[in-house]
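Peer 1: Work the whole structure out from these sequences, hints included.
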Amino acid sequence: MCRIAASDGIRTVFATPHVKEAVYENDEKSVMPVFMKLKKAVEDEGIGLSVELAAEIHISSTLIHFLHHNRAFLIGGRYFLLELPPETVPSNMEELIFDAQIKGFYPIIAHPERNSILQKNTRLIARWIDRGALVQATAMSVTGEFGKAPKKAVSEIIEKGLCHILATDAHSPKWRPPILSHARDVLTEMVGKQEADRMVSGRPMEIMKGEMLSDKPLRISAKTKSFFRRRILTNRGKK
0 MCRIAASDGI
10 RTVFATPHVK
20 EAVYENDEKS
30 VMPVFMKLKK
40 AVEDEGIGLS
50 VELAAEIHIS
60 STLIHFLHHN
70 RAFLIGGRYF
80 LLELPPETVP
90 SNMEELIFDA
100 QIKGFYPIIA
110 HPERNSILQK
120 NTRLIARWID
130 RGALVQATAM
140 SVTGEFGKAP
150 KKAVSEIIEK
160 GLCHILATDA
170 HSPKWRPPIL
180 SHARDVLTEM
190 VGKQEADRMV
200 SGRPMEIMKG
210 EMLSDKPLRI
220 SAKTKSFFRR
230 RILTNRGKK
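In numbering that gives the first Met the number 0, the protein residues as written are 0 to 238.
A couple of the hints might just be wrong.
Unchecked claim - Per label pair, the in silico range of CB-to-CB distance:
#1 ILE116 <-> GLY45: 23 to 33 Å
#2 ARG126 <-> LEU212: 11 to 21 Å
#3 ARG126 <-> ARG77: 40 to 50 Å
#4 GLU188 <-> HIS68: 37 to 47 Å
#5 GLY47 <-> PHE97: 25 to 35 Å
#6 GLU188 <-> SER90: 35 to 45 Å
Just so you know, the hints here were simulated from the structure itself, not pulled from any lab data.
Cβ atoms here follow ideal geometry from the backbone N, Cα and C, with glycine treated the same way.
Peer 2: Structure, rendered in structure tokens:
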């Protein structure tokens with residue numbers, strides 16, 4: 000998978016093991032030895048890829064306590080990847096976001112476009128962003144490889160300026176590979192090259208450094224959408 004990522008032009012990846020009570024009982028003590036073996040193997044093989052550690056942490060009542068005792072999973076010393084259940088939305092999300100930030104932890108909500116509730120109500124995502132959360136979408140949602148519902152939802156999220164970054168969320172060399180370029184090309188058609196680059200490179204780099212983001216995602220107006228569509232048709236006509 001590391002070779003696939005490198006060949007796709009990716010230069011940095013985060014290994015993000017799942018953390019979920021009674022299902023994936025991972026913590027930094029159990030994960031770190033395996034991670035260090037992976038990091039060394041990538042270096043020894045000469046793969047041009049930097050491998051970093053984080054985690055995809057399922058929402059729970061012990062979340063903040065877990066973060067306090069597993070700081071190796073924080074990105075840039077402050078951000079963490081937060082996973083929601085696939086078919087429900089916790090009623091205390093805004094309270095959790097607030098409480099986490101009070102303790103110095105900033106949530107990045109992973110793949111909200113794959114949650115069945117959020118697919119029908121993206122206003123909730125806007126409220127969480129207003130409270131300080133960031134949003135990460137999945138590349139295969141953008142390309143439509145996860146189906147129509149995630150594709151429609153992620154398009155709406157991006158066009159409304161509710162998506163900060165894009166990631167592969169890779170799980171396998173074959174059925175969920177670490178490929179970002181295809182989704183980046185789709186993004187470029189949707190929001191333009193500058194915003195696409197911000198989503199796959201610029202903002203992720205700021206997050207890695209533990210910085211507050213220097214801008215907000217581009218919101219696509221009807222006029223802007225029409226402009227990109229005309230440009231796409233013009234470019235296709237030149238081929």
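Peer 1: The structure should be examined with respect to each hint, and the outcome stated for every one.
Peer 2: Each hint, compared with the structure:
no.	hint	verdict
1	ILE116 <-> GLY45: 23 to 33 Å	violated (45 Å)
2	ARG126 <-> LEU212: 11 to 21 Å	holds (18 Å)
3	ARG126 <-> ARG77: 40 to 50 Å	violated (21 Å)
4	GLU188 <-> HIS68: 37 to 47 Å	holds (44 Å)
5	GLY47 <-> PHE97: 25 to 35 Å	violated (41 Å)
6	GLU188 <-> SER90: 35 to 45 Å	holds (37 Å)
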